[in-house]
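Enquirer: Using the sequences and the hints, build the whole thing.
Sequence order for the protein chains is A and B. To convert, note that position 630 of the first sequence is 630 in my numbering; the numbers rise steadily by one, no gaps. To convert, note that position 158 of the second sequence is 158 in my numbering; the numbers rise steadily by one, no gaps.
Just so you know, the hints here were simulated from the structure itself, not pulled from any lab data. Treat each hint with caution, since some may be false.
[Claimed, not checked] Taking CB as the label site, the calculated pair distances span:
| hint | chain 1 | residue 1 | chain 2 | residue 2 | range |
| --- | --- | --- | --- | --- | --- |
| 1 | A | D547 | B | E58 | 31 to 41 Å |
| 2 | A | K20 | B | E58 | 21 to 31 Å |
| 3 | B | Q150 | A | D428 | 27 to 37 Å |
| 4 | A | R507 | B | E171 | 32 to 42 Å |
| 5 | B | D105 | A | T375 | 53 to 63 Å |
| 6 | B | E58 | A | K559 | 35 to 45 Å |
| 7 | A | I378 | B | E186 | 52 to 62 Å |
| 8 | A | A365 | B | V31 | 17 to 27 Å |
| 9 | A | K559 | B | D28 | 54 to 64 Å |
By construction, the Cβ of each residue, glycine as well, lies at the ideal position given by its N, Cα and C atoms.
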Amino acid sequence: MVIGANPAENHPISFRWIQKALDKGATLISVDPRYTRTSQMANIYAQLRSGTDIAFIGGMINYVLQNELYPKDYVVHYTNAAHIVAETYSFDDGLFSGYDPETRSYDKSQWAFETDENGNIKRDPTLQHPRCVFQLLKKHYSRYDVDTVCNVTGTDKETYLKICEIYGSTGRMDKAGTILYAMGGTQHTVGSQNIRAYAILQMLLGNIGIQGGGVNALRGESNVQGSTDFALLYHDTPGYMGMPTTVDPTYEDFLNRITPKSGFKTNFPKFFTSLLKCYYGDNARPDNEFGYQFHPKITNGKNYSFLRMFDAMYRGEIEGLLLFGSNPVIGGANTYKLQEALGNLKWMVAVDLFETETSAFWQKAAGKDPASVQTEVIFLPACSSYEKEGSVTNSGRWMQYRWQAIKPKGESKPDLEIVHMLARRLKDLYKNEDTPAARPINALYWNYGDSDHPDIDLVCREINGYEWETKKQVSGFGELKDDGSTACGNWIYSGFYPGDENLAKRRDNKDTGMGNFLNWAYAWPANRRVIYNRASADPTGKPWSKDRIGIYWDEAQGKWVGNDVPDFVATKGPDDPTFNDPFIMQPDGKGAIFSAAMNEGPFPEHYEPYENPIKNVFSSVNLNPAVQLGDKALNTAGDISKYPIIATTYRVSEHWQSGIMTRNVPWLAELMPYMYVEISEELAKEKGIKPKDEVIISTARGEIKAYAMITKRFKPYKINGKTFHHIGMPWHYGYKGIATGEIANRLTPHIGDANSTIPEYKAFLCDIRRA
Amino acid sequence: MPEYIKFVDVTKCDGCRACMVACKNWNDLPVATEEYSGSIQSHEKVNAYTWNVITYTEHETADGGFEWLFRHQSCLHCVEAACEKACPEDAISHTEFGSVVVDHDKCVGCGYCVQNCIFDVIELATYKDKNGKEYRKAQKCTLCTDRLEQGLLPACVRACHSGCLQYGKKEEILAEAEKRLEKVKERFPNANIYNPPGINGSATVYLLAEKPSVYGLPEDPKLPASLTLWKDYLRPASKALMGVTLTAVLGAVIANARNKGPEEQEGGQDNQ
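Expert: This is the structure in structure tokens:
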């Protein structure tokens, strides 16, 4: 089931494998507001209103529960369905217990599990206890009946039921269903909970940990997985260990906060100390908290995401900005305002392949008077992926090494080299200074060669990790220590370069069983291809199905064997009390159908987008109650009375991201030369718009002009008894390059998800008229 | 040498257009951006500078369903090729690979091939010589004959990730195509294999999801009798007996006859 994604257009190489599955008899379901190239390739297409994924999936969860399509053994043993939830938990009219409207946040301690006198979570394996997760889930989603769901999503009821039936059939343990999602799922004020809803459905159907199952993110860029693994986001450190904040004054405080009492994450002190050792080398010692005080600490509770960063920039709180391959004037939300914010910077350094709209935000083409912009802009030419070597990590967590094909053109350089040169200059600049700013820089262990051209192999070896004294590489994260005797740049990748062979360079395309190709590149962690694969075997350790063997317990050998690297202690047998705890990253080893980790509640609940076409049908709470609203100057919202049409944005095959790499390639520009807006025949008729007309699309943020593309692939929805029109636009265009066009993100709202703060690019309100 | 063909299974095309880019790249074709078309289709049809085009057809089926039909449009490489027969200079010929190619040393840019192509594929490209004088040459897909000679797949086939474009032994491909046809008929009852008998088949064979006309293809294309008459009887005789001038005049007559369009030519009722 593809929901919130369009792989045929946006991940065409992934579609090669989907096509192979279709050839073998798989059923492909496409759920999308508009009929896409993926929808055409699918066996079933269902239209849903953008922003109603939770209603759609919640209804499926309800269907699976009502019709008992779930595999009970899997659900009881491998998920937290049997856990008893504390009496403090409640849900009433769209709000969970513990809500504080002042701070728009929850006291999550109210969503705890009930424990016995020894602190163990109470369980009811019969799933009958009224406060067990299973019963609470059932109660929560009983409100998501088919009629209410279709009323909210605008989906044809017959099609919806067909999808529930077919996808629900993957609850049989000899079958598998996979969910593919992308930014259509995430870019909402409820984005993270959309994905949670997919995950709950998959756990309920026993589709996690088995071959062919999973919740699969189709990344927006070839190395999103890798860059996230290496903590591109502000709130994390490499390997997802959290970020030191102002509530962690000492290293001990920090470790206490990030290290749970049980589960695999009890190893975090080993991994973090090895990370500090990699950062600060001999300056990371037991007597100085391994250099913890050199590490940056963010203000506890403060949001440093893209949206909030631009809020701060707009208020003039930020002096300088380094942009690597980033073009926020095209890719940000409400970009008229972002452009103004950029003008408050003293300086900006843009590193890119071509001059971007962002690096040119001060030019006349951007509508600016250059003389009025004081920001000093420096442009550094970067080279493309073919001009450098290094690795990218795909959605399957495979780290794949790539080699340099041609030397960089002109003065362009790889990002690594640019960062390396910058670090060397900074170290030189601060070397004679002893100030709070200078100390971390002076303490930094920067050992990638003595010239401006870094040795990337040294970077790889450091990521893998090594013994500090001998510099001998460790064979995996199992060898990392918390005493400063090992250094490791990212524990989850530890093991990819165990000796003298960089395993990410492997290209053995022999199927080692179940399509796992274990000798092709390297999958973190420990070369496992399917995480939580303990769940591929039943509670006695036998495969659920002969045709779908992940790993299984071999009694004779006394260990786990099979087609994959066990994501489990290999020798942990049936006598061990945690034998049935596949979800090793959870403290209790169980898949979290109920989770207190999310900001807006333990179960996903439908809320309307920031700009909502209807009042929420499920409760009196319209907007996700945990969404942070941000700066008023930027978060302008429009009303249905003035902007009656639902709008969304997306990408096309022919362009990529902000278009800067594709709109500059003549043969790609030729394929998609013009900015357009897709509208239904019905809306065109209503507005008197003819094919090829130019139209103006307006929102509370501004207006843009585009060509009208009148198509049967857009159909009005019937929502809550009323007809709504919707439109869609590619967001690739801008005023630089060969193919130019107006910027769709001039129109999008500057509001983000309650957990990740990703902007709500996918659902907003607009109006449209002939130009 | 066994016969090879290119096979286009449109039901596996996801419309990504990698074939278009690969073609321009390998054949070093210039950018020929067209006006906004009102749809995502980039070019109205193939032309002298764009040798393959993905067409996007929004089609409402008889039972009220909807299909967005994609087709990789390029030269079919007819076994009985109208362009070859119409060419007064013998510039167009079949290669050992079954591909129909233009010899640009012989092509004079007269355009008879353009007027006679049943599928509206071949067109004249305009160039300038070193003195700035314009001249024209017929251009179209070569099936990447230069790649085939080197044992490489056609560039479009090589770039296709979904299995829509294939190149292989004719017998094997056609046998597979029949099986595939049975399978896709569940969803596309009008699906058919397009390998027109009226031109003795083609070196590019399609599996179409809908009737040929839905894709703008002639349902049952035939070579006009006039062309056969011209190529195989009149022209050799006239060249031998009357010289080039009269040949050209006769050629013009043929060209005018062909201008009536493919539908009217069906069945070869033209008696010139």
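Enquirer: Decide, hint by hint, whether the structure agrees.
Expert: Hints versus structure:
1. A:D547 - B:E58: 31 to 41 Å: 40 Å, holds
2. A:K20 - B:E58: 21 to 31 Å: 27 Å, holds
3. B:Q150 - A:D428: 27 to 37 Å: Given range 27 to 37 Å: violated, Cβ gap about 53 Å.
4. A:R507 - B:E171: 32 to 42 Å: About 34 Å separates the Cβ atoms of R507 (chain A) and E171 (chain B), which means 32 to 42 Å holds.
5. B:D105 - A:T375: 53 to 63 Å: 59 Å, holds
6. B:E58 - A:K559: 35 to 45 Å: 57 Å, violated
7. A:I378 - B:E186: 52 to 62 Å: 60 Å, holds
8. A:A365 - B:V31: 17 to 27 Å: Roughly 22 Å apart at Cβ, these two residues keep to the hinted range, so it holds.
9. A:K559 - B:D28: 54 to 64 Å: 58 Å, holds
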